[in-house]
Each structure stands twice: as structure tokens, then as C-alpha cells.
Amino acid sequence: EDKVVQSPLSLVVHEGDTVTLNCSYEVTNFRSLLWYKQEKKAPTFLFMLTSSGIEKKSGRLSSILDKKELFSILNITATQTGDSAVYLCAATQGGSEKLVFGKGTKLTVNP
Amino acid sequence: EPEVTQTPSHQVTQMGQEVILRCVPISNHLYFYWYRQILGQKVEFLVSFYNNEISEKSEIFDDQFSVERPDGSNFTLKIRSTKLEDSAMYFCASSASGRAEETQYFGPGTRLLVL
Numbered sequence: 006e007d008k009v010v011q012s013p014l015s016l017v018v019h020e021g022d023t024v025t026l027n028c029s030y031e032v033t034n035f036r037s038l039l040w041y042k043q044e045k046k047a048p049t050f051l052f053m054l055t056s057s058g059i060e061k062k063s064g065r066l067s068s069i070l071d072k073k074e075l076f077s078i079l080n081i082t083a084t085q086t087g088d089s090a091v092y093l094c095a096a097t098q099g100g101s102e103k104l105v106f107g108k109g110t111k112l113t114v115n116p
Numbered sequence: 728e729p730e731v732t733q734t735p736s737h738q739v740t741q742m743g744q745e746v747i748l749r750c751v752p753i754s755n756h757l758y759f760y761w762y763r764q765i766l767g768q769k770v771e772f773l774v775s776f777y778n779n780e781i782s783e784k785s786e787i788f789d790d791q792f793s794v795e796r797p798d799g800s801n802f803t804l805k806i807r808s809t810k811l812e813d814s815a816m817y818f819c820a821s822s823a824s825g826r827a828e829e830t831q832y833f834g835p836g837t838r839l840l841v842l
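Protein sequences appear in the order of chains A and B. Sequence positions in the first sequence follow my numbering and run 6 to 116. Sequence positions in the second sequence follow my numbering and run 728 to 842.
Chain A with its partners taken away, still in its complex shape:
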């Protein structure tokens, strides 16, 4: 069965801390891995990763994929209260249009 597993399930930090969120996957015919940020409602797109070892960066957020070990990490440096959200990881597969999601990591950043 295809699956995506995220850890930790929840995390509480203080503003200014750096956090690392983990996502491992076991999907057949893997093609890409996506990170989304889910605040109150819609998951909003952060990154798509298709190649191993190439870091993608957007401001204080960065992510990298390891296709040999089948995992990805999402780093957030100098966290702010506005980073509080559920971070979702999802995998795509060749020959399928669906996203396979993990359960998410709930990040709480306290002032």
C-alpha cells in the first residue's frame, strides 16, 4: 500500500527557533514530493521536489529530497508565529493523478 509518513505529528517551539519536519514515503513509481502549508482551510503550495539533493528555498523555508532513502525534510529557520500551521507532505506517482498525503505535522510557534 502506498503511504506517506510525517514526523513529528506535532511540534511546539518558540519564535526564533529552527525546526525540521520529516516526511518519508513508500509509493510505487514515485515522481515528485510536495509540501503544503494548511492554516485554517486550503492547503497552500510551498515546494515541489523531483530531484534528489537539490535544495529548494523560499525565504526562511527550504526543503530537500533524498530519493535513495525515500524521505524529504522541510526546514524553517527563525520561526515566527505566522508559521503556525499544519504542514502536509504529499507524493505523486507516474500513471496517476492523485496526491498521496501524510497526516501532517502541526507546528505551533509561541511568541
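Since the hints were made in silico from the structure, they are not lab data. Among these hints, one or two may not hold up.
[Unchecked claim] Cut-off 16 angstroms, straight-line C-alpha distance, at most; resulting in silico cross-link-like pairs (EDC-like, lysine to aspartate or glutamate):
{"#": "1", "chain 1": "B", "residue 1": "K769", "chain 2": "A", "residue 2": "E44"}
{"#": "2", "chain 1": "A", "residue 1": "K72", "chain 2": "A", "residue 2": "E44"}
{"#": "3", "chain 1": "A", "residue 1": "K108", "chain 2": "A", "residue 2": "E31"}
{"#": "4", "chain 1": "B", "residue 1": "K769", "chain 2": "B", "residue 2": "D813"}
{"#": "5", "chain 1": "A", "residue 1": "K46", "chain 2": "B", "residue 2": "E828"}
{"#": "6", "chain 1": "A", "residue 1": "K8", "chain 2": "B", "residue 2": "D813"}
{"#": "7", "chain 1": "A", "residue 1": "K8", "chain 2": "A", "residue 2": "E74"}
{"#": "8", "chain 1": "B", "residue 1": "K769", "chain 2": "A", "residue 2": "D7"}
{"#": "9", "chain 1": "A", "residue 1": "K108", "chain 2": "B", "residue 2": "E730"}
{"#": "10", "chain 1": "B", "residue 1": "K769", "chain 2": "A", "residue 2": "E6"}
{"#": "11", "chain 1": "A", "residue 1": "K42", "chain 2": "A", "residue 2": "D88"}
[Claimed, not checked] Distance ranges between label pairs, derived from CB positions:
{"#": "12", "chain 1": "B", "residue 1": "M742", "chain 2": "A", "residue 2": "D71", "range": "29 to 35 angstroms"}
{"#": "13", "chain 1": "A", "residue 1": "T23", "chain 2": "B", "residue 2": "K810", "range": "41 to 47 angstroms"}
{"#": "14", "chain 1": "A", "residue 1": "T33", "chain 2": "B", "residue 2": "T803", "range": "40 to 46 angstroms"}
{"#": "15", "chain 1": "B", "residue 1": "Q741", "chain 2": "A", "residue 2": "G87", "range": "23 to 29 angstroms"}
{"#": "16", "chain 1": "B", "residue 1": "S736", "chain 2": "A", "residue 2": "N34", "range": "33 to 39 angstroms"}
{"#": "17", "chain 1": "B", "residue 1": "G799", "chain 2": "A", "residue 2": "E6", "range": "35 to 41 angstroms"}
{"#": "18", "chain 1": "B", "residue 1": "T734", "chain 2": "A", "residue 2": "V18", "range": "35 to 41 angstroms"}
{"#": "19", "chain 1": "B", "residue 1": "Q768", "chain 2": "A", "residue 2": "E31", "range": "15 to 21 angstroms"}
{"#": "20", "chain 1": "B", "residue 1": "T734", "chain 2": "A", "residue 2": "K73", "range": "40 to 46 angstroms"}
{"#": "21", "chain 1": "A", "residue 1": "I59", "chain 2": "B", "residue 2": "T734", "range": "36 to 42 angstroms"}
{"#": "22", "chain 1": "B", "residue 1": "M742", "chain 2": "A", "residue 2": "F50", "range": "31 to 37 angstroms"}
For each residue, glycine too, the CB sits at the ideal point set by N, CA and C.
Knowing the structure of chain A, use the given hints to seat chain B on it.
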């Protein structure tokens, strides 16, 4: 910036009633999707739609579900006879193509509560 929109934001219905959830995908996108998220659980794929027909569906998408693109802008999910277990957040998404490397963009969701 273009975005996916969904209506209504909340829907409360009685068990056995029909509901229609509406979505307006991003205008130049060709692939449309419905996902659901039961409270406290994962986001789950329901169905994808391209060129006026279903291109892929999950085991969840049984005969009580149907999708339609009634005009050039709307994309709907109909649940014919709702059950208590259909209570969930329903997300619509769209993408420019159906390729696995194409990003899917999500709407804000409709929270459905079946009583």
C-alpha cells in the same frame, strides 16, 4: 493571483439528503480534483476529471458520488444520499495538466456536516 474558489464554505444537511458542492477552478487549468479530509485524518483523493470525464477515482468514490462540469467555469461534486460518515472537509483542486510533476492548487474547502 488566480485561485480556486469553493461554495458554500459550510453545509449542514440531514442524512439521506443530496448535496452539491461547487468549485471554480483556476481558469486556464484543465484537470480538476476532489479530495476530502475527515476531521483528524489525512487528506484523501476522491476523483480527478479531465475533458468532461472522470480520469481516475478512488475506492471512496462510489455510486453515491458524481462529478460534473456543467458549464465552462464550475466543477461540482454531488453526494446523492448523504451518510453520517460523509461529514468532512471537501477540497477542490486544479492543475494545468495531469502530469505527476504538475502542482495541484487547492480551494478553501467546504465543511460538510451530516446530521
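A quick look at each hint next to the structure:
Using a Cα cut-off of 16 angstroms, the hinted pair K769 of chain B and E44 of chain A holds, with the two alpha carbons roughly 15 angstroms apart. Taken as a hint, the K72 of chain A and E44 of chain A pair is broken in the structure, with Cα atoms around 28 angstroms apart against an allowance of 16 angstroms. Between K108 of chain A and E31 of chain A the alpha-carbon distance is near 14 angstroms, which keeps this suggested pair within the 16 angstroms criterion. The straight-line distance between the Cα atoms of K769 of chain B and D813 of chain B is roughly 14 angstroms, inside the 16 angstroms bound, and the hint therefore holds.
Of the supplied pair hints, the one linking K46 of chain A and E828 of chain B is violated, its CA atoms being roughly 24 angstroms apart against a limit of 16 angstroms. For the hint linking K8 of chain A to D813 of chain B, the alpha-carbon distance of about 23 angstroms lies beyond 16 angstroms, and the restraint is violated. Proximity of K8 of chain A to E74 of chain A is assessed by CA-CA distance (about 15 angstroms); at most 16 angstroms being required, the pair is judged to hold. Between K769 of chain B and D7 of chain A the CA atoms are separated by roughly 13 angstroms; this keeps the pair inside 16 angstroms, and the hint holds.
With a C-alpha separation of about 24 angstroms, the suggested pair K108 of chain A and E730 of chain B falls outside the 16 angstroms cut-off, and the hint is violated. Between the alpha carbons of K769 of chain B and E6 of chain A the distance comes to roughly 15 angstroms, so the proposed pair stays at or under 16 angstroms and holds. Simply put, K42 of chain A and D88 of chain A have alpha-carbon atoms about 9 angstroms apart, close enough for the 16 angstroms limit, and the pair holds. Separated by about 46 angstroms at the C-beta atoms, M742 of chain B and D71 of chain A break the suggested range of 29 to 35 angstroms.
A hinted range of 41 to 47 angstroms holds for the C-beta pair T23 of chain A and K810 of chain B, which are about 45 angstroms apart. The hint said 40 to 46 angstroms for the Cβ distance between T33 of chain A and T803 of chain B, and at roughly 31 angstroms that hint is violated. In this structure the hint that Q741 of chain B and G87 of chain A lie 23 to 29 angstroms apart at CB is violated, the actual value being about 39 angstroms. With their beta carbons about 36 angstroms apart, S736 of chain B and N34 of chain A fall inside the hinted range of 33 to 39 angstroms.
Distance hint check for G799 of chain B and E6 of chain A: the Cβ-Cβ separation is about 38 angstroms, which falls inside the suggested range of 35 to 41 angstroms. Our hint of 35 to 41 angstroms for T734 of chain B and V18 of chain A holds, since their Cβ atoms are close to 36 angstroms apart. Checking the proposed 15 to 21 angstroms range against Q768 of chain B and E31 of chain A shows it holds: the Cβ atoms sit about 19 angstroms from each other. In this structure the supplied range 40 to 46 angstroms holds for T734 of chain B paired with K73 of chain A, their Cβ-Cβ distance being about 45 angstroms.
Checking the proposed 36 to 42 angstroms range against I59 of chain A and T734 of chain B shows it holds: the Cβ atoms sit about 39 angstroms from each other. Separated by about 35 angstroms at the C-beta atoms, M742 of chain B and F50 of chain A satisfy the suggested range of 31 to 37 angstroms.
In the structure shown, a violation is registered for the earlier hints numbered 2, 5, 6, 9, 12, 14 and 15, in ascending order.
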